[in-house]
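Protein chains in written order, with the working numbering: chain A, 24 to 467; chain B, 645 to 1193.
FYI, nobody ran anything at the bench for these hints, they're computed from the structure.
Which bits of chain B does chain A cover? Going by a derived footprint, with three or more residues having C-beta under 8 angstroms, they are:
#1 1092-1106
#2 1148-1155
Simulated crosslink set (EDC-like; lysine to aspartate or glutamate; CA at most 16 angstroms straight-line):
#3 B:1093 with A:322
#4 B:773 with B:793
#5 B:1093 with A:321
This one's a predicted model, so the numbers in the text were calculated from it and none came from an experiment.
Here a beta-carbon is modelled for each residue, glycine too, at the ideal position from N, C-alpha and C.
As a plain string of letters, each chain reads:
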Amino acid sequence: MSPQKRKAVAAGKASPPLTNAQDDNGRVVWVVALGCAVRLCILVLFSDIVARYLSDQVELSTPVTSYKRLREGLFLSANQIPPFDGGIFHQSPLLLLMFGVLHRLPEFFTDLVYVAADGLVALMLARIAASRRARDKNGSPLVPGEIAFSCGPSIVATLYLFNPLTLGTVLAKSTIVFSHLAIAAALCAAVDGRPVVATVWSAVATHLSVYPAMLLAPIALVPPASAAYEQNRRSGRLAKRIATTVAVFALAFGAMHFLFVAFYGIQYFTATFDFVLRVADLQPNVGLFWYFFIEIFDEFRMFFFVVFQLTALAFAVPVAWRFRSDPLFAATILIGIISALKSYPSWGDLSLFLGLLPIFEELFKYMQYTFLSTNLLLYGIGLAPVFWHLWIEQGSGNANFFYAATLVYVFGQITLLFDLGSAMLRRELDIHHPETRTRPVIQD
Amino acid sequence: MLWQIALTAGCYLLVRTALGTGIDGDEIFSENLLVKPLRDGKTLLHFEFEIKQTSTIGIQASQHHYHLFPRQIGEIALQNNVEELYLSFTQGNWRQDAWGYPPTSSQGVGAEIIARINGTEQASLGKWKGLTNALSGVFCASLNFISDENTSKPRLMFNVSASNSGDINVPAHHGTLRHGFLPRESVCTENLTPWIKQLPCQAKSGLGALLNPYRLYNMHFHSMGISLGPVMDAIGDEQEGLVYKQHITVVLDPRTFGLDKSWALGELMERDVEAACPVSSKSTVQVVLPEAGVQVFPEPARRETLVGQNTYVYDIQKQDAASIRFEFSTTDEKETQAQLLPVVTAHRHVNGHGGGSSGGVETEIINRSNKPMGITYFDSLPWYLRVYLHTLAIEATDSDGRITKLRPTNTMFTPAIDRGRPSSIELTMTLPANTRTALRYSFDKGFIKYSEHPPDANRGFNIGPAIISYRSNADVNRPLVCALQNTWSRQQSECVVRVYTELFLASLPTPDFSMPYNVITFTCTILALFFGRIFNLLTRDFAVLKDSD
Chain A
24 MSPQKRKAVA AGKASPPLTN AQDDNGRVVW VVALGCAVRL CILVLFSDIV
74 ARYLSDQVEL STPVTSYKRL REGLFLSANQ IPPFDGGIFH QSPLLLLMFG
124 VLHRLPEFFT DLVYVAADGL VALMLARIAA SRRARDKNGS PLVPGEIAFS
174 CGPSIVATLY LFNPLTLGTV LAKSTIVFSH LAIAAALCAA VDGRPVVATV
224 WSAVATHLSV YPAMLLAPIA LVPPASAAYE QNRRSGRLAK RIATTVAVFA
274 LAFGAMHFLF VAFYGIQYFT ATFDFVLRVA DLQPNVGLFW YFFIEIFDEF
324 RMFFFVVFQL TALAFAVPVA WRFRSDPLFA ATILIGIISA LKSYPSWGDL
374 SLFLGLLPIF EELFKYMQYT FLSTNLLLYG IGLAPVFWHL WIEQGSGNAN
424 FFYAATLVYV FGQITLLFDL GSAMLRRELD IHHPETRTRP VIQD
Chain B
645 MLWQIALTAG CYLLVRTALG TGIDGDEIFS ENLLVKPLRD GKTLLHFEFE
695 IKQTSTIGIQ ASQHHYHLFP RQIGEIALQN NVEELYLSFT QGNWRQDAWG
745 YPPTSSQGVG AEIIARINGT EQASLGKWKG LTNALSGVFC ASLNFISDEN
795 TSKPRLMFNV SASNSGDINV PAHHGTLRHG FLPRESVCTE NLTPWIKQLP
845 CQAKSGLGAL LNPYRLYNMH FHSMGISLGP VMDAIGDEQE GLVYKQHITV
895 VLDPRTFGLD KSWALGELME RDVEAACPVS SKSTVQVVLP EAGVQVFPEP
945 ARRETLVGQN TYVYDIQKQD AASIRFEFST TDEKETQAQL LPVVTAHRHV
995 NGHGGGSSGG VETEIINRSN KPMGITYFDS LPWYLRVYLH TLAIEATDSD
1045 GRITKLRPTN TMFTPAIDRG RPSSIELTMT LPANTRTALR YSFDKGFIKY
1095 SEHPPDANRG FNIGPAIISY RSNADVNRPL VCALQNTWSR QQSECVVRVY
1145 TELFLASLPT PDFSMPYNVI TFTCTILALF FGRIFNLLTR DFAVLKDSD
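In isolation and in its complexed conformation, chain A is listed as follows (with noise of 0.2 angstroms):
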């Protein structure tokens, strides 16, 4: 940026002009292109190394993502075998619908539609760092002498787009980038001031994966278009608001679950909900729980899932709550909450998380334990598929090697969660009270 504009911009008086909005919706829509081009070219044109390689790669695919178990679920329902009648299947039949559809069309289609997919949350992803974006220049309280940049939408899809996590679990064809897009929707539609659609976009999301049933919390909060920035205190129009969520969710989500317990038997029920709260398969991925509850002993089994889930799910409120001034803040801490600890975790989870950050480049320079994290997130990717080949293709390891990697891998997860959560803290405190930016605070 020339020195001329950084000193407009810093007093607060400039606009950035039209045209750069424009170039910028360019840039994202060269950048979506060329990364679904890459990924098409890869599907098709190295189809067989990636079969080889990539999907049978357990950090990338689960039993409740697994695009082999949905062929699979895909042949029994074609052959007339009750799908969830058996373990092998745990996914949606939503799912079942579009791939029923999709297969009787050349494989070419299928791999249009995952790629389809994946730039359609990166589009969404810009448009919220956008809005957020349209939204600061629009009189968002700034930290005096800041440099007041948010992160352009292209960079933010730049970043999705080529993390090869996300390039990983396009190619391996894990059903999660559906469960992402449903929640970049209700996202997208969220920060755009709309929480009904919003609620109804995180009930899909919910039926797909259980956990984004965490982001009600956030979406609850979010303002909607009309109302100023400013958090409405009335309590009444904020228990409206969290009523009105609560209603919209339980009525989206139950007249979808009631219609497939119709069509398929509560066994549906206890193929994909049951089945994730209670961890039923014990196939490693890069989560706590597997490995824990191959060893826990039987008595302890039930006490100790619930402990694990309500650890996941019970800081949907709290965390929402802390951070109402900013429920997308708040969304990412809590989609950062269940790529750590959700019962069949992915590498795919992380790249949501991951592709959600940039939008808050204003925190980086008060995170304090970058270094760590993102060396023991690096330590955690990198080392966990040599492990699993040490131990299952070589058998020259043991389980502990591959589930050390995954300890530091969450453990990596749980730092950066942390650091971020802290850093917004600390700017939220240089927002209210700016004279404290040179003096030493602690937490109390």
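Assemble chain B onto chain A, guided by the hints.
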């Protein structure tokens, strides 16, 4: 005076009845031993003991009078509403390519129970458990490990009467058929002893006297079993009555015992037969001879032709079974035409390397006949091998090397439920003439709990065999099973033959068994770190340090 005559007459009748003439009331006991020297120098011995009871209306009527029929079996069958039962313990592989047709249907290594129980699926489940537990006690075997996890309900495979598998297809019964298999079950003297006790003459006289466990378990193949079912007539209708058969099939190598060129049956089994069994109505030894190279002394009571080969039949009530002598002379390999290979043989193996988290099953079925054969294929994998049926591929290669893809005419697939039931695949298809068909599908290995691994975890799990059945109506090269059925029942034109494949070992990836506590500690530490930090975030505020800098 009159009463003395009456008393004497009564006593005489009583004694006469007690002694019996072999046909006591309506029970007929017959025993048969089939001896067949095999091509590679080993000897096949197949004992069959049959008790046929023709009076009562199947098993359902309560039988208060057990004479020859073993009371244990009768009461167990009655209590558990069993219509048909087939139990066998097998050890060793039947080498189809070297030994030809087996004389028995049970070639699957381990313990196998097939039972048809009266009632619906739900109602008969309790009876099935009662049956397996009761049989476990009777035969001192761990059949009580047959549970939901290794019981399947095949619908196409055992459509014929399981006990008389040589008979024509019986129309659908009203009971539920269950198949339980324990591949790791071994068989030993402990199981033989209660089995021998069920014979009317036990090991004291008749052919039972030849059953020497020291010889029976020093073998290349051993199968011991019982079967219980209704009496069938020629058209396959059930008549009144019950048939209870006990069989032992064993393949011995006489050279193991130091017997080479000339040995008698008594020397082979190291037992003498002191007397014939007085309650048997028919007691025979059939010796199936190859074209050349073996001579048998003494002269048989009669000669006949069984499976196209010369058979000497000896009547053991007149001839001492132990003194039947075999003389082997060195022959040139003219006898290659003596043992024709079975029309359909099958082998199964597992793909994928020994460790690994996935693999595949490949079964090769060879059809040697000149016309297409319709077969039924049944395979049941436990729940921890997650079968992907969409990967099923069937390819037939004929003698010119051309490969054609086959499609099954009927498929019945029951997916596995974790810790609930095994997966079961049943296919009917037609194999083209003179082809090798490869049937393969893949599976993923599941990860099981710490406590579910067996004590020697790295050995892996034995996975039970696949079963292929087909109908044979050949006159030449007739399966031995069918020929043996004809010994007892009328001439059948078609019989059902079963072929079992080998087992394989599936070794599942193991966790580290030495550190459950460590794992719990580490994971809970991470969770506590998360909880503590987020809790801090939520409840604490930043405050400015009061000290001036």
